[in-house]
Every structure is written in C-alpha cells, then in structure tokens.
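So the sequences go chain by chain: X and S. Sequential numbering from 1 applies to the first sequence in this note's numbering. Sequential numbering from 1001 applies to the second sequence in this note's numbering.
Rather than coming from a laboratory, the hints here were simulated on the basis of the structure. All clues given are correct.
Pairs of lysine-lysine residues, derived as DSS-like cross-links and limited to a Cα-Cα distance of at most 30 Å, are as follows: (1) S:K1221 <-> S:K1010; (2) S:K1010 <-> S:K1264; (3) S:K1257 <-> X:K46; (4) X:K46 <-> S:K1187; (5) X:K265 <-> S:K1310; (6) S:K1082 <-> S:K1264; (7) X:K174 <-> S:K1310; (8) S:K1187 <-> X:K174.
Here the structure is a predicted model, which is why all the values come from computation and not from measurement.
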Amino acid sequence: MRTITYSQAIYETMREEMARDPHVILIGEDVGIFGGVWGVSGDLVKLYGEDRVRDTPISETAIIGAALGAAMMGLRPIAEIMFGDFLPVAGDQLVNQLAKARYMSGGKANVPVTVRITTGAPGSAAAQHSQSPEGWYMNVPGLKIAVPATPADAAGLLRTAIRGEDPVLFFEHKMLYALKGEVSDDPDFAVPFGQAAVRREGRDVTLIAIGGMLPKALEAAETLGVEGIEVEVVDPRTLVPLDKETILTSVRKTSRVIIAHEAHKRLGPGAEIAALIAEEAIGYLDGPIVRVAARNVPLPYSPELESYVLPQTQDIIEAARGLVRYRL
Amino acid sequence: MSIGDYSTEKLLRLYRQMLMVREFELRAINERRAGLIPGFIHSCVGQEATAVGACAALEPADVITSTHRGHGHLVAKGGEPKYMMAELAARTTGYCGGKGGSLHMTDFSLGILGANGIVAGGIPIAVGAALAFQQKKDGRVALSFFGDGATNEGAFHEALNLAGLWKLPVIFFCENNLYGEGTPQAKQAPVADLAIRASSYAMPGVTVDGNDVLAVYEATKAAADRARAGGGPTLVEGKTYRYRGHYEGDPMVYRSKAEMDEWKGRDPIVAFRTRLLSEAGLPEAEVAATELAVQSALDEAVAFAAASPKPAPETALAGVYGEISGGLVF
Ligand SMILES: Cc1ncc(C[n+]2csc(CCOP(=O)(O)OP(=O)(O)O)c2C)c(N)n1
Ligand SMILES: [Mg+2]
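Extracted from the complex, chain X is given alone in its bound form (with noise of 0.2 Å):
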C-alpha cells in the first residue's frame, strides 16, 4: 500500500498499463508536453514518446472517433475529454458510433476505448466548465459509466477500464483529484465494474453518494453520528452496470435513502436510482426517497450563486434529519 492523490492514481496506473501493454495510448488536447490540463498525464509523453501519448488538435469529435477506430483495429486508447462539458461536442463519435460499434455490428466489433472525463464544479467556471453530465449517458446502452471517488477507486476502476472490451466513460472529478488516500501496490489491483461498496455502515438511513459527493456524505455521515442518526454510505463506483444487490440491502436494511450527486436533479443519476428502488423495494420504504442533487439551473459563476446551486453536506444532514422524523 501506498498513499498517493487520486491524480497520482490516475496517471500511476496510466503509466503502469502503458508498460505493460504497447496497444494502449493515450490521445487528448495538451496531454503531452504540457502534461495535461488538469496535470493528470504529467511526463508519460518522455515516457512513452508523441507516438504513444498524442497532443491532438482541438477537434473532439476527431478524438472520439479515432479512439473508435483505432480500437476496433486492435489498439486500446484511452482518450482524454479536457471537461466534461465538450463531450456533446464529440456528440455522434460517443453517442451513435461509439456507443453502438459492438451492437449493430452483429459483435463484431471489439470497442476497448477508456474516455477519461473530467466533471464536476471546480468553483466559479460558470455553465460551460462546470456540469456533471454522467446521467446524460446513462440514457445511451452500450456506454459503462465509472465514478470513481477515493484514490484506490481511481486506480482499480481505471485498469478494469484499460484491460475491458467495451467503451467506458470514467468520470474524473475535479475537486477530488488533491484526494488522497492508500492505493494497492498490486500491479493487477483493479476493481471490478458493477460492485458498490459500502463506505461506512448505519441502520437508520442508506446514503447512496456519487462521485464526488462522497466526501460530503461521509462528513455528513459523521455530523449525523454524533445526533444518534447512523447513516450508510455507498458508493456505486459504477452507475452502468449498477450493483443493485448493495442498494436494495441496504435499503431493505435502513428503510430510509437519500441519493446525492453533483448533477441536476432533473433525471440525474439519482432519477434511475430512485426507480429502481421504487420498483424493487418500496414496500421497505419508511418515507420518501430524497435527491439532494444540483438545482435545475445552469451552473452560475457568482460563488453565491454557485453554492446555492450546488448540493451541499448541510443539504444532506437535513434531508437525513427530516426522513428519521418522516411518519407515514
């Protein structure tokens, strides 16, 4: 075990693949000499050489679709998406091509691309730098969607990622990349898609965080402890494919959830969330399920206006406090 940032995760296991497997480049605006935007990709291009770790032009639709075609002719890129509010930009290469390679042709096109993806609001980046749009392709089969929130996640999700067959969005969030925490030394250590895990155990309500709302939940967690209110964190680590088993436990455990995320509330990932409860347990249910998710406005600039927006831990102590005292 070592402890290093989530950013150090992420280009450790970068690294790390593209040692161990000549088929895996990376490609994306400035990942090279400048070493990434966002200082993700650091020195893999003295590594690896411009061969390998690709400075393309700004042309995200050219990127996408050349991870595709690259891939299905035997590569295994991972291309970078600088924020992840371009992607509608490469809006066709993900959503019709990309997305559906595999499918439409019968299987016959293999698609092992890994689109690194950064999301969330760094703080007054205003509407076009700010969005979390992990649920937008939620709604587009044939995409699987990684959200990674610890260190250790950031690692073993990435790998999974390099070394699987289909195409992977893997949101990185940005207020989490200065995250530290202990990673694996295994050189295999990877984390299987479709495995929540449960960050802290509690009876009274299931708290279901995604990305980078975990820290916010684990310190809402904490607050609500010390009130007598035992919360269960889970993280899904994958909203496609989703672990329902971990959700529905712990639901049926707690009768009480909450489900938070940086996104829109409007069909956020916590809208499928809350389905799926809705159909497999709502006879468990004490109350309400609640979203504290972002307030259906685009993201402001004003931090004011910002914070007012965006979820907060204080959000979340309340609507724990209201579903416990919630009475049918």
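With the hints as your guide, set chain S with the ligands onto chain X.
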C-alpha cells in the same frame, strides 16, 4: 492607406482602446490575486491590435461573437470596463448579473452576442446572425472572433461552408496567437497560414500582421464592405501572440523565453505609440492624456465593481427560461 489618411481622433481612439484592453487585463489579474475576482481569466495581453483593429472596422449595429479570451473584443466593441469588472467580480451590476463571468459576457445593445466557453462555439452563431441580416436586408454584418486552435473544430468548417454557400454577411476573424493552450499551431494543423482554409469554402482568406492595428483594420474593413455589398464572407487571420499564460497560473513549459522576448519586441501598443508620435505627428501630451484617462476609467471600474452588491442566492433560480407559466416547477 497610410497613417496620414486617418483622422487624429480615429488614431487616438485606436490607441486608447488598445491601452484600455491591456490595462483592463492587468487590473483584472491584480484584482483576481487580491480576491475581488473569483473565477479564472484568460488574458489577451499582447493581442490588443486584433480585437481593436477588427472592431474599428464595424458599425455600432454590427455584431460580434467572442471567445474565452474575449475581454479585448468587448472593450473594442464598446463594452464598459466598469460593467465588465463588475461581472468578473460576480456582482449584480455586471454584464450578466454575476451569472456568466469572464466566459459569458454579453451586451446585445452593443452587438456583443457573447464570449464563449466552448472553443469554436461562437462561429456558427455568427453565421446565424448573418443569416438574419441577409433575410432582413438591413445591411448589418456579423464578425466572429476565434483562435487558431478553433479552426480544427468541426464547428468552424461547417460554419464556413454554410456561410460560403449562402454568401452570408459574416467575417471570420482568426486570432492566430500560435498556440492553443500548450500546443503550438504546427502540432495542430498541417498548414502554416490558416487563411488558406477559406479556399475550400469559396471565400477570400487573408493573413495580416495581427500586431499592426491599422493592417487589421484595413483587412477587416475590406471584408465588411464586401459583406455589406452582398459579396459574402471572408476569413481574416491576424498573426499575433499572447504574452501571458493560457490562463493565469499557466507554468508555460511549452514555449521559450527567447520566443516570448522576440514577440514582446513587436508589441502592438508600443509600436503604434511610436508611429503616432513620429509618423502621424501627434503631440506627446495628447497621447499621455489618453494614458491618464485610461487609468482613471479603470480606477473607477474597480471601485464600481467592489462597491456593487453581490447577488442574493435565490436569484440563481431566475432567468433559465423566457417564459414561466405560473405554478410550474423547473
Ligand atoms: C470544445 C472545447 N474544447 C476544448 C476547450 C478547452 N480550451 C479552452 S481554450 C483552448 C485553446 C484554444 O486555442 P485557440 O482557439 O487558439 O485560442 P487561444 O486560447 O489561443 O486564444 C482550449 C483547448 C474548450 N473550452 N472547448
Ligand atoms: Mg491560439
């Protein structure tokens, strides 16, 4: 045209605007460090002549679309430094009431259709504005600013094709500062002069010295005249250089000090000032008075921003839609 063909008033206005752009940026950078400005800034220090020369060729009713590096475009199209500074400081008095910040400043009354956070995002929008002008036959022109990097986006090519096809009154103004973030143009495009890209879309493409405000003005004026006369679009490329990082805090590992020094030797403002005094024969006192006026306008802008109120949190919910039916919850 030679410099002697320009009126003193026009020359001083160009100088004042370029200086305003530069000093605005430097103040904004300082105020960001001092904590007045919460968001990031992409400054256009070094690129003042493209913004100012291009906008000087437009009429007040003409419109522009701008970019992430847009403060200069705004000033040049008549934007008020105090409302710009207030927007950067996220105040209610700012151009977007604090909702937009640097990347989204807009003033329709001045023909500023918006800065943009998406590279190449404004180019198709300018084409749409030109479409409206063509339909209305009102003689107006749209100009889209964008960088060299933006010419590698599909949006650029689709927009130019449409404008070339429909002969729309639009000017595509490429501010080629040789880099897109940390990647040099040579690693982004297989052509040296981006103006050549016009040839695929049946429009003229011209490359000018983007640090020469009069050269920029003249090339843009010719494009505007052509567009107004029904001759269709033009791609103008101004070669220039940004002095500071892509954003404030950029370590700039991707370029050499020698290169930066070389460009600083071709400073658009210093060069123009020298020409004003030596070639146009403007009195030093008049130039100096302009410099003082810029500083005091900026003192006022900063004071105005700092004294302006911050928005009330709940106001975040207003303004998503133009029409809201009673009782509907968004
Ligand atoms: C669609 C999209 N891709 C990437 C970015 C990130 N980004 C912001 S500015 C920039 C460089 C733009 O280069 P250029 O067009 O030359 O303009 P300059 O910054 O040099 O003025 C990039 C890649 C973005 N904002 N939008
Ligand atoms: Mg550029």
